[in-house]
Amino acid sequence: TKALRTEVFNEFNVDWYSPNEVYVYSQATPSKIVRSFTQKLGYFQRSTGSRVLRGYKVSATDSDKQNDISHLVFVVHGIGQRMNIGAQIFRNTSSIRERVSYLKEKYFPESAGRVEFFPVEWRNNLILDGGMVDSITPPHVKMLRQVLNTSAMDIMYYTSPIYCGEIQAGLVTEMNRLYSMFCQRNPSIKPKVSVIVHSLGAVIVYDIVTGWLPMGTNNDGILVPGKSRLDFELDNFFCLGSPLSVFLALRVPKGQHGYHLFPPTLCNRLYNIFHLTDPVAYRLEPLIVKDYARIAPLSLHPYNAVRPIPYSEMPLELSDLEQSAYVAASSAGDPLSTTSPAETPSKERTWSIWNLVRVGKSQESGSPHHKDSPTQGLEHRLDYVLTSGAAGPLVVRSVLISHTAYWSNYDVAFFVLTRIFPELEIQAYLAGGLHSSSSLLPPNEEKKDEKPIIGK
1 TKALRTEVFN EFNVDWYSPN EVYVYSQATP SKIVRSFTQK LGYFQRSTGS
51 RVLRGYKVSA TDSDKQNDIS HLVFVVHGIG QRMNIGAQIF RNTSSIRERV
101 SYLKEKYFPE SAGRVEFFPV EWRNNLILDG GMVDSITPPH VKMLRQVLNT
151 SAMDIMYYTS PIYCGEIQAG LVTEMNRLYS MFCQRNPSIK PKVSVIVHSL
201 GAVIVYDIVT GWLPMGTNND GILVPGKSRL DFELDNFFCL GSPLSVFLAL
251 RVPKGQHGYH LFPPTLCNRL YNIFHLTDPV AYRLEPLIVK DYARIAPLSL
301 HPYNAVRPIP YSEMPLELSD LEQSAYVAAS SAGDPLSTTS PAETPSKERT
351 WSIWNLVRVG KSQESGSPHH KDSPTQGLEH RLDYVLTSGA AGPLVVRSVL
401 ISHTAYWSNY DVAFFVLTRI FPELEIQAYL AGGLHSSSSL LPPNEEKKDE
451 KPIIGK
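Each residue of the sequence shown is one higher than the last, beginning at 1 in the UniProt record's numbering.
No lab work stands behind these hints: they were computed from the structure. Please note: incorrect hints may appear among the correct ones.
To be verified - Distance windows between CB atoms, simulated:
id: 1; residue 1: Thr6; residue 2: Ser180; range: 41 to 51 Å
id: 2; residue 1: Glu11; residue 2: Pro310; range: 37 to 47 Å
id: 3; residue 1: Ser26; residue 2: Asn124; range: 41 to 51 Å
Stated by the list, open to error - Think about it this way: if two alpha-carbon atoms lie no more than 20 Å apart in a straight line, the pair counts; the simulated DMTMM-like pairs of lysine to aspartate or glutamate are:
id: 4; residue 1: Lys190; residue 2: Asp235
id: 5; residue 1: Lys106; residue 2: Glu425
id: 6; residue 1: Lys65; residue 2: Glu116
id: 7; residue 1: Lys192; residue 2: Glu425
id: 8; residue 1: Lys190; residue 2: Asp68
id: 9; residue 1: Lys57; residue 2: Glu116
id: 10; residue 1: Lys192; residue 2: Asp68
id: 11; residue 1: Lys65; residue 2: Glu105
id: 12; residue 1: Lys192; residue 2: Glu233
id: 13; residue 1: Lys192; residue 2: Glu116
id: 14; residue 1: Lys192; residue 2: Glu423
id: 15; residue 1: Lys190; residue 2: Glu166
id: 16; residue 1: Lys106; residue 2: Asp64
id: 17; residue 1: Lys190; residue 2: Glu233
id: 18; residue 1: Lys106; residue 2: Glu116
id: 19; residue 1: Lys254; residue 2: Glu233
id: 20; residue 1: Lys254; residue 2: Asp235
id: 21; residue 1: Lys65; residue 2: Glu110
id: 22; residue 1: Lys106; residue 2: Glu423
id: 23; residue 1: Lys254; residue 2: Asp231
id: 24; residue 1: Lys190; residue 2: Asp291
id: 25; residue 1: Lys192; residue 2: Asp235
id: 26; residue 1: Lys57; residue 2: Glu110
id: 27; residue 1: Lys192; residue 2: Glu166
id: 28; residue 1: Lys290; residue 2: Glu379
id: 29; residue 1: Lys227; residue 2: Asp291
id: 30; residue 1: Lys227; residue 2: Glu166
Each residue gets a CB set at the ideal place from its N, CA and C atoms; glycine is no exception.
With the sequences and hints as input, model every part of the structure.
Next comes the structure, spelled out in structure tokens:
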């Protein structure tokens, strides 16, 4: 039978014998020889080709459609973006997106929630000083100076009352543009919105939402309370390697710190995630309740932990420094330390640790001890520490990579996933954990060969 139509390409050709009979043939020499030989024997040419069928073997249904996006996450970079010409934030966003998707599809395939991550690049479109700093930079030690000009200089720009507003405006414009674009393309969807902010990005987003702007070069009226300039409200505020607490500590006079620094209009929940060896990251909890300087931050559960305890149920623990002092006091026969907190039930242990901290403080100050609540002034825990890869002879190397190691970490990805969809944390707990062995790792797990990335 002769083909009704033939289309010839470099490596194959396609023949139409009827609307429902379409065959593709390879142009490789062996295929041509076989086709010629079979034709001489009287076989149809179409028998040597591969039939092409339109559509799918099974008809599509409404259930085949992906679930609507129920949660948007904007990923905001910190300093050093100019070093990578804007590419680093896209790689980092892709990295955490892939890990969150892997964990959700692997361990929570029945979950109806769908999250999407959007990179927010705010630095490279800014004019700022118009290259003045580069023009006054001496040519000596050029490489080091270029690194400083394209990374640490962002902090100086932001602390300048001249350029702070321009930086904030650039980030506001980009975040609102992305949100508006999503809403225009998905008019029927009203998703929740969260942010993952890295390094200096946490400070900028905090200032945008709380309405903070420097009033001038003097020290009068540092805080200017105002309305968020974003077109949406934040559900979760994830800080990665954030120096936010340092900025707040230096802005607010001594004795005026507290929970009012994090008003309800900021977000629904705030999480400060940091690596033990990250030199840029600082804790938030002692900024609200000073006694929490003696309480250890919560450790992130490994993504494959067996029956992980919900974070809301985890008891207070003494910090390493306080634990050493506690052991020393116990050895010396201190009457305040006759009962080990580790031997008490979870809730009693929390009170035991808290009373130990409070009693120690009252004795140091000579003031009477008041029995208050461990959660007084701190409704939820804020500080979460990532401990993996932070010990041994690699400590110097860990310091170099720790500030940028969050994006490829599955523990961080699992934490973000279970905060965005809290029901998954309960599901993992009731299921007894995701793995029975911590030796099981996802594909392409980056653990041994991470390299320091200066751009953030």
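Results of checking the hints against the structure:
1. Distance hint for Thr6 and Ser180: a CB-CB separation of about 49 Å, consistent with the stated range 41 to 51 Å.
2. Between Glu11 and Pro310, the C-beta spacing of about 57 Å breaks the proposed range 37 to 47 Å.
3. Ser26 and Asn124 have their C-beta atoms about 47 Å apart, which keeps the hinted 41 to 51 Å range intact.
4. For a cut-off of 20 Å, the pair hint linking Lys190 to Asp235 stands: about 13 Å separates their Cα positions.
5. Only pairs whose Cα atoms come within 20 Å are accepted, and Lys106 paired with Glu425 is accepted, the gap being roughly 15 Å.
6. Under the criterion of a C-alpha separation no larger than 20 Å, the hint pairing Lys65 with Glu116 is consistent with the structure, at around 16 Å.
7. About 18 Å separates the Cα atoms of Lys192 and Glu425, which keeps this hinted pair within 20 Å; it holds.
8. For the given pair, Lys190 sits about 10 Å from Asp68 by alpha-carbon distance, which is consistent with the 20 Å threshold.
9. Annotation: proposed proximity of Lys57 to Glu116 is violated, straight-line Cα distance about 30 Å (limit 20 Å).
10. With a C-alpha separation of about 12 Å, the suggested pairing of Lys192 with Asp68 holds against the 20 Å cut-off.
11. Proposed proximity of Lys65 and Glu105 is supported: the alpha carbons are some 16 Å apart, at most 20 Å.
12. Proposed proximity of Lys192 and Glu233 is supported: the alpha carbons are some 8 Å apart, at most 20 Å.
13. For the hint linking Lys192 to Glu116, the alpha-carbon distance of about 11 Å falls within 20 Å, and the restraint holds.
14. Between Lys192 and Glu423 the CA atoms are separated by roughly 15 Å; this keeps the pair inside 20 Å, and the hint holds.
15. At roughly 30 Å between alpha-carbon atoms, Lys190 and Glu166 are farther apart than 20 Å, so this suggested pair is violated.
16. As the CA atoms of Lys106 and Asp64 are separated by approximately 19 Å, the hinted pair is consistent with the 20 Å bound.
17. Simply put, Lys190 and Glu233 have alpha-carbon atoms about 12 Å apart, close enough for the 20 Å limit, and the pair holds.
18. Proximity of Lys106 to Glu116 is assessed by CA-CA distance (about 17 Å); at most 20 Å being required, the pair is judged to hold.
19. Taken as a hint, the Lys254 and Glu233 pair is broken in the structure, with Cα atoms around 30 Å apart against an allowance of 20 Å.
20. For the suggested pair Lys254 and Asp235, the alpha carbons sit about 30 Å apart, so the restraint of at most 20 Å is broken.
21. For the proposed pair Lys65 and Glu110, the alpha carbon gap of about 14 Å is at most 20 Å, so the pair holds.
22. Proposed proximity of Lys106 and Glu423 is supported: the alpha carbons are some 16 Å apart, at most 20 Å.
23. A threshold of 20 Å between alpha carbons decides the hint, and for Lys254 with Asp231 the separation of about 34 Å lies outside it, so the pair is violated.
24. Restraint check: the Cα-Cα separation between Lys190 and Asp291 comes to about 40 Å, which exceeds 20 Å; the hinted pair is violated.
25. Taken as a hint, the Lys192 and Asp235 pair is honoured in the structure, with Cα atoms around 6 Å apart against an allowance of 20 Å.
26. Straight-line distance between C-alpha atoms of Lys57 and Glu110 comes to about 25 Å, which puts the hinted pair past the 20 Å bound.
27. This hinted pair does not check out: Lys192 and Glu166 have alpha carbons roughly 27 Å apart, beyond 20 Å.
28. Taking the CA atoms of Lys290 and Glu379, the gap is near 14 Å; set against the 20 Å cutoff, the hint holds.
29. For the hint linking Lys227 to Asp291, the alpha-carbon distance of about 31 Å lies beyond 20 Å, and the restraint is violated.
30. As the CA atoms of Lys227 and Glu166 are separated by approximately 17 Å, the hinted pair is consistent with the 20 Å bound.
Checked against the numbered hints above, the structure breaks hints 2, 9, 15, 19, 20, 23, 24, 26, 27 and 29 and satisfies the rest.
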